[in-house]
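Heads up: the protein sequence lines correspond to chains A, B, C and D, in order. Read in order, the letters of the first sequence are residues 10 to 351 in this note's numbering. Read in order, the letters of the second sequence are residues 10 to 351 in this note's numbering. Read in order, the letters of the third sequence are residues 96 to 474 in this note's numbering. Read in order, the letters of the fourth sequence are residues 96 to 474 in this note's numbering.
Hint data in this document are derived by calculation from the structure and do not stem from the laboratory. Treat the hints loosely; a few may be bogus.
Under 10 angstroms between C-beta atoms, here's a sample of chain C residues computed to sit facing chain D [stated by the list, open to error]: (1) S325; (2) A337; (3) Q442; (4) L445; (5) E446; (6) A447; (7) P448.
Glycine included, every Cβ here is placed at the ideal spot set by N, Cα and C.
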Amino acid sequence: MTTEATWFASASAEDTAAPGVTYLEALRTALADLLAEDERVLLLGEDIGTMGGAFRVTAGLQDRFGGDRVRDTPMAETAIVGCAIGLAISGYRPVVELQFADFISCCYDQLVNEAAKLHYRFGIAVPIVVRCPSGGALSAGPFHSQCPEGIFAHVPGLKIVCPATVQDAYGLLRAAVEDPDPVLFFEQKALYRSQKAPLDAAAPVAGIGRAAVRRRGEDVTVVTYGSMLPRCLAAAERLAAEGVETEVVDLRSLVPLDLDTVADSLRRTNRLVIVHEDNGSSGIGAEIVARLAESDALYALDAPVCRVTAPDTPVPSSPLLEERYVPSVERIVSAVRALVGA
Amino acid sequence: MTTEATWFASASAEDTAAPGVTYLEALRTALADLLAEDERVLLLGEDIGTMGGAFRVTAGLQDRFGGDRVRDTPMAETAIVGCAIGLAISGYRPVVELQFADFISCCYDQLVNEAAKLHYRFGIAVPIVVRCPSGGALSAGPFHSQCPEGIFAHVPGLKIVCPATVQDAYGLLRAAVEDPDPVLFFEQKALYRSQKAPLDAAAPVAGIGRAAVRRRGEDVTVVTYGSMLPRCLAAAERLAAEGVETEVVDLRSLVPLDLDTVADSLRRTNRLVIVHEDNGSSGIGAEIVARLAESDALYALDAPVCRVTAPDTPVPSSPLLEERYVPSVERIVSAVRALVGA
Amino acid sequence: MSHLSNGSSPPSAPWSAPDGSAPDRATADGASPDRLRPGEVTPEGARATAIPDNWSQLLALMVLSRAIESRLNNLFLQGRLHGRLISGRGQEAIPVGATATTRPDDLVCPAHRDLGAHLARGTTPEEVFLQYLWRADSPSRGRDGDVHFGVWSRGVLPMISHLPDSWPVALGLALAKQRQGAGGVVLAFCGDGATSTGSWHETVNLAAVWQLPLVLIVENNQYAYSTPVSQQFRVASLADRAPGYGIPGARVDGNDVVAVQALVSEAIAAARRGGGPTMIEAVTMRMDGHAIHDQARYVPTELLDAWRQRDPIEGFAARLQAAGLLDGAALAALRDDAAERAERAYQTALEAPEPDPAALTEGVYANPAAPARTRPAVG
Amino acid sequence: MSHLSNGSSPPSAPWSAPDGSAPDRATADGASPDRLRPGEVTPEGARATAIPDNWSQLLALMVLSRAIESRLNNLFLQGRLHGRLISGRGQEAIPVGATATTRPDDLVCPAHRDLGAHLARGTTPEEVFLQYLWRADSPSRGRDGDVHFGVWSRGVLPMISHLPDSWPVALGLALAKQRQGAGGVVLAFCGDGATSTGSWHETVNLAAVWQLPLVLIVENNQYAYSTPVSQQFRVASLADRAPGYGIPGARVDGNDVVAVQALVSEAIAAARRGGGPTMIEAVTMRMDGHAIHDQARYVPTELLDAWRQRDPIEGFAARLQAAGLLDGAALAALRDDAAERAERAYQTALEAPEPDPAALTEGVYANPAAPARTRPAVG
Ligand SMILES: Cc1ncc(C[n+]2csc(CCOP(=O)(O)OP(=O)(O)O)c2C)c(N)n1
Ligand SMILES: Cc1ncc(C[n+]2csc(CCOP(=O)(O)OP(=O)(O)O)c2C)c(N)n1
Ligand SMILES: [Mg+2]
Ligand SMILES: [Mg+2]
């Protein structure tokens, strides 16, 4: 990885000699395949053309598909997202890249008031995808590290997708583009180059709205998504060595929320830990707990639930502070230990 | 109430001959008192001057305090809120009126990225108040009826205040202006003229962050705020006639969230219903449930919790649809009945 | 309609003129599209042209728009209509003049005083009343209200309250037209107040950079709610902003339907040829309050009086009468006919079914295969 | 410093010139503020004036800015610095020339290439390195990074990444100055890219309407990240936008520190007198990549070569030498001194304590009486 290759280097690439492709390459392949297969697909964003995007996700795509389909824009998120909405209702399948997920604040109005409500109001479908490079652990500070997915999970009319694996980076991006609804696609900067695995591009594309059980275990259920999945799996390994068997559920999308998979798991383990990088209060973890507590899944709980999340603060820039901010393997392990001991 | 007096008439005024002032008048009195007592207080907003605001909350204030302190602005929410932030860090106490809470989407970025983070980043306090006329039940449709408080409760650095009574309209607005932090003040259009009560302007101003128990009862705890308080109290009356004693907790602010008062009540009643007009998923109700379920308050629950909220849809305009959308007294009563029967 | 001196049919589908040439005809009267160069600002009134061939359509649309709004107004005052009622009275020349020459494959993004644009695109009075009465078969099925609607199948984008949020969307509509290469154009309307917003600027700038086939029409009616233009911007004419974006800008008397049509047709023609966007400021006056609840005491009476003399329908009718194309009886008949259509539409709408409350939570998403599982309403 | 022909002190508090008249001196050279009328666009270079009295301050600030950034650059390449590093190399004349004549009660809102503005306001090299090393005693106490900072007590607003989000805030700062009536003004900087945003437009418009004491400085360095200005806007000069807002606009050679200071001083003087805002486009070139990770292969080499000939420090130094005010030895000494200060600052910062992770959740709110009760981090 050259210093030129990224804006912020993602967490140090693990064993780049391993077979397979990175999470980032899987995203690029999905976009290339979509552009090649479907004339309706257009890419819009700041610096996605010549430069291939701040993270190089779209590298090479403008050369291959032309500036007309892989289109550089001025710095104007409201115009970009509005434009995508207009294209979408004209029959195109626009995919917007925000340079950082943080800049979604500059197109919030178009997303929440135009895109999210048009189908409910007038039956006009808005098939846009907004790719949001999210998350921290890169010392990138309060404005290049945010996890806005919790905000948008509150807004009816939007779908929220958060891929955690190489295969999902590919498959869920395809599913998002094929979906007729507006999809916010929170891809994880920290996973861009740290995740590498074989990609089966021919595998059937899983629809949006199904969680995946990434690890079986009977002692405790850990529900997570996105950047926290590798940490939860690492925690599960460590816990296994201590004799605690952790079931790890990867939500994959927050809206739709696959509560059945969570509840099924909980009924087997009777203990629940929720892990997300987004800050805790009113995050998706709260909604999961609330839905469970509204049903008789409540009675399956042998102990209080536990949310392991970022604290309710902006994202600090100093690595020392941020290390304490983003949930660590250590924190996940202790939370599970405490719960299982309870 | 003349047709000129309001943009959308609020729910029919109850007994306007009753003694006291309306919720709206209490807000106006608070602003007038603040302007009179504190040179630092400035009002900014669209049409708040000559016209006195879309709802007439600021009627007469420009005449009394001048166009310099009660300042009409162009239609530019980002500029208005940015301007308020600049004034605040220059030593003023600006109070912004958004014409409708819905337009907060047009200044989301300034609120979330400038106002909410400046104190954490640099220790610079941002004492702004943004008044947001919120809520539906007025056939005002998807863009003049929203309840955005749930969104902002997820954002560290903002305080969220939701007055439900005449006294709180006055006292909490004063507290908000006196508070050194950015406060989003969600005042309820449906309460503007429907609530009338004696106002004690000399009563000590309650700080932000304390819930109030509005009614005592031992069978079930109903937690609510804002526009739903009168409905919850009406539901409690009806339930009392059936022999069910409901405790009604008015949160008054969502951030800070006074969980102690909720948990204390729950420990006595062992049953919990949460009522809000904001749509359910990832609303503040979820956070309340999650915090309880994280503590041993979980064990106090004799039955699943129940959230009575708007469904996860945009706000429909038709009165017929909206009647079903906004939680009704009937729905609250049935929820409590079902829970107590459980 | 037979009172009118030519036998043209009512304006239910104005673009379906058999020869398809209507859009450019007025322009051919002398105002060459080449007269619009980047940065140029056309002085007010300079483009007034001869009475166009489609004069009866223009008149009928304006009269119908006013008749519908009058009926709505009465209903509201009688307490038979609720919610919000926003009037375009006095401004009809702008949406009508701008939209009348659009082709079926063009798209229109009206703002809240542009009922005439809906009608010019073929939206029926019935649809309007169904919408105002929140009926099940209204364009929004009761989910949105009043003029915050649009019949998309007729190429009209439903507006939202946030102004001018249709404008960024219009960028995409215009980009689609540009890609399709068939010469389709997009018209976007907004008020003077909307020019203060960031969305407005982002739209104008991007339209300029990409040379999109977009006609940007600012209806300067002197006020944004209670706020006079002097408190909104400091430039004498909003059209003077166009040079700052590198696009042509022009100002037109918004109460002169002929001038509006001539100028907008020119801008449309330029856009069809790949000449990019044009910014047009149409100067007019809001003759009613901001909405029906607002008696607009903040507007000086003299201002209203002066503009009352310049009513776009009266003015155009007088010109037609002077030209011998119309007589008093024909005008009266046209008005009666429009009032009747409005009344009939109201009666039809009154009898139409209301939406089923049980369907409240349907249709939030288009994809039924992955339902978002909205939480069932409890209780 | 003794090598400089006048004995002025280093630029730690440039506004504290005892006579307080420095700000207007350059202006007095001949460029009358009255020459700026609403709508006027000054042709590039037309305002170049005589060498100002504070030339040594200007030179020292530019040299110091470059020395600090060079040191930071080296540290980054050596792997001793992490995060983001954004360079203002080649643009120093703009923040320095614009800010050098500000008074203590003025306020400055720099953008991300404006280290010189911080230094001109008295921010020390130590503070800069503490900030880049996220130390406990840095201006942000480790919570924000790199040039995304500002020492508020020196009248510098900390910027955020979202561009140009300081601009709407600057409205309030300027309104406060206007209300206080003491003649304080606010300088707000942004890049060419930021002019495409809605926040930019809302700010310029409101500043114009309220005639705020605000100097709006656009640093047109030809690129927004990889996007050339030709893909950002269609107008030849961004200063041509000013007439559309009814305010004066002017274009200046951003690599000529004297011209920048002269023009900005004029705008400042106008603002102090109640003359409202001025928009200034300072034309320059981004000489490094967008940030240190970016080698900017998308920038044509010839463009960089051409601008390399116009380095603002070299150019100014040559002019001073030609005027007999500076010799090679003095320049070398100034550079050595600046490099030494940077190195010393780095060493100081290196030894400074890191923030206490336990304090992570403190200070989200200013009001300790109503704690938001952030959920304790679990586990
Ligand atoms: C973003 C936004 N803020 C506030 C409003 C509230 N509002 C509705 S109409 C209006 C005035 C609009 O003025 P203008 O654009 O001139 O249109 P006009 O009503 O005069 O036709 C305002 C402030 C809004 N609709 N959108
Ligand atoms: C609202 C917003 N969108 C996107 C970005 C990402 N970004 C950072 S700098 C930059 C380019 C800025 O260009 P310009 O304003 O010309 O400043 P320069 O870097 O050239 O000095 C972009 C797109 C941002 N900072 N803010
Ligand atoms: Mg107007
Ligand atoms: Mg630039």
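Any CB of chain D closer than 10 angstroms to the CB of C/E446?
-> 45 angstroms, violated
With a cut-off of 10 angstroms on the beta carbons, see whether C/L445 makes it to chain D.
-> 43 angstroms, violated
Against chain D, run the beta carbon of C/S325 and see if the smallest gap drops under 10 angstroms.
-> Holds. Min distance 8 angstroms.
Does C/A447 pass the interface hint, meaning its C-beta sits closer than 10 angstroms to a C-beta of chain D?
-> Constraint on C/A447 not satisfied, violated at 41 angstroms.
Mind checking the CB of C/P448 against every CB in chain D and telling me if the closest is under 10 angstroms?
-> 42 angstroms, violated
Chain D contact restraint on C/A337 - CB to CB distance below 10 angstroms | 8 angstroms, holds
Would you settle whether the hint for C/Q442 is holds or violated, based on the nearest Cβ-Cβ distance to chain D being less than 10 angstroms?
-> Check failed: Cβ of C/Q442 comes no nearer than 45 angstroms to chain D, outside 10 angstroms.
In the structure shown, a violation is registered for the earlier hints numbered 3, 4, 5, 6 and 7, in ascending order.
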